[in-house]
Amino acid sequence: MTATTNSPGAECHPMDSPTLAPGKSSFLQELGAELAFTQDLSGQYLSFYWQEALEYGLTQEKVLRLPLKDSFCPVALEAYREQIQRVLELKTPQRCIHAFGYQGQSFPFELVISPIVQAGDKATTVLVMGHLLPQESVQSAIDSLVPISLDPNQKLLTKIARKIRRTLDLDTIWRETVTSLGKALQVSRCIICSYKPEQQKVTVEAEYCQKPFQSILGRQLELEAEPQLKQALLISEPVVV
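Residues in the sequence shown are numbered from 0 upward in steps of one, following numbering that gives the first Met the number 0.
Among the hints, a few may not be true.
[Unchecked claim] Listed below are the simulated EDC-like cross-link pairs for lysine to aspartate or glutamate, each with C-alpha atoms no more than 16 Å apart in a straight line:
hint : residue 1 : residue 2
1    : LYS121    : GLU77
2    : LYS200    : GLU221
3    : LYS121    : ASP170
4    : LYS121    : ASP39
5    : LYS90     : GLU51
6    : LYS200    : GLU175
7    : LYS90     : ASP170
8    : LYS68     : GLU51
9    : LYS68     : ASP39
10   : LYS195    : ASP168
11   : LYS61     : GLU77
12   : LYS200    : ASP170
13   : LYS195    : GLU175
[Unchecked claim] Computed beta-carbon distance windows for the label pairs:
hint : residue 1 : residue 2 : range
14   : GLU29     : ALA118    : 37 to 47 Å
15   : PHE212    : ILE234    : 24 to 34 Å
16   : PRO211    : ILE234    : 29 to 39 Å
17   : ASP69     : GLU197    : 26 to 36 Å
18   : GLU77     : GLY56     : 24 to 34 Å
19   : THR91     : ASP168    : 28 to 38 Å
It is worth saying that the hints were derived from the structure and are not from the lab.
Beta carbons are placed, not taken as given, at the ideal position from N, Cα and C, and that holds for glycine.
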């Protein structure tokens with residue numbers, strides 16, 4: 000689960016990276032946040048503090064200097080790493096929601112990810128602060144991150160995004176997306192296809208289909224027989240048929 004928006008904030012300047020020692024104060028505790036940590040570009044923890052850490056046996060040895068996937072790990076790992084990269088590239092804080100997994104449990108946090116800007120205007124680490132969200136508050140928190148728009152297409156995309164944020168299963172994401180688009184656009188058929196550049200065909204992975212049309216779910220479509228589809232893939236833009 001993940002949601003994000005840009006958030007204004009002050010720049011953070013160089014500081015030491017003390018580690019968490021249970022029972023002792025640290026600069027992260029002094030920030031006053033429920034959750035605070037620093038990470039490098041890969042997401043590896045450089046320092047870490049969470050008020051509830053000891054309750055779950057989350058000691059510094061299980062967090063610091065380890066690959067992110069082997070510690071207190073975001074469920075949407077690649078999306079989280081990409082977000083860190085954007086924050087460092089743009090040098091702009093972002094407000095977001097991410098669920099972290101540890102020992103089979105999921106913890107949804109509302110976060111602010113800020114670049115730590117060093118001398119020479121360089122940024123290679125981030126400071127992340129946040130708080131745990133009650134499960135019943137997660138959706139309203141996500142909604143607060145979605146910008147208001149009068150564009151009906153944007154509203155449709157927002158509605159679809161809200162649905163697919165609730166799952167990490169790719170088949171479910173495809174199915175929800177194609178069904179929502181098909182109904183909203185009032186078309187007889189809407190499909191999502193998987194494609195590999197080295198192949199000359201695509202596979203229909205999800206489909207919205209109205210009667211009396213027959214389903215083509217799972218079928219492979221030859222690009223040579225579908226010139227409009229081939230053109231769309233070639234130019235990476237919509238094609239009007």
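Hints not upheld, ascending by number: 1, 3, 5, 6, 7, 8, 10, 11, 12, 13, 14
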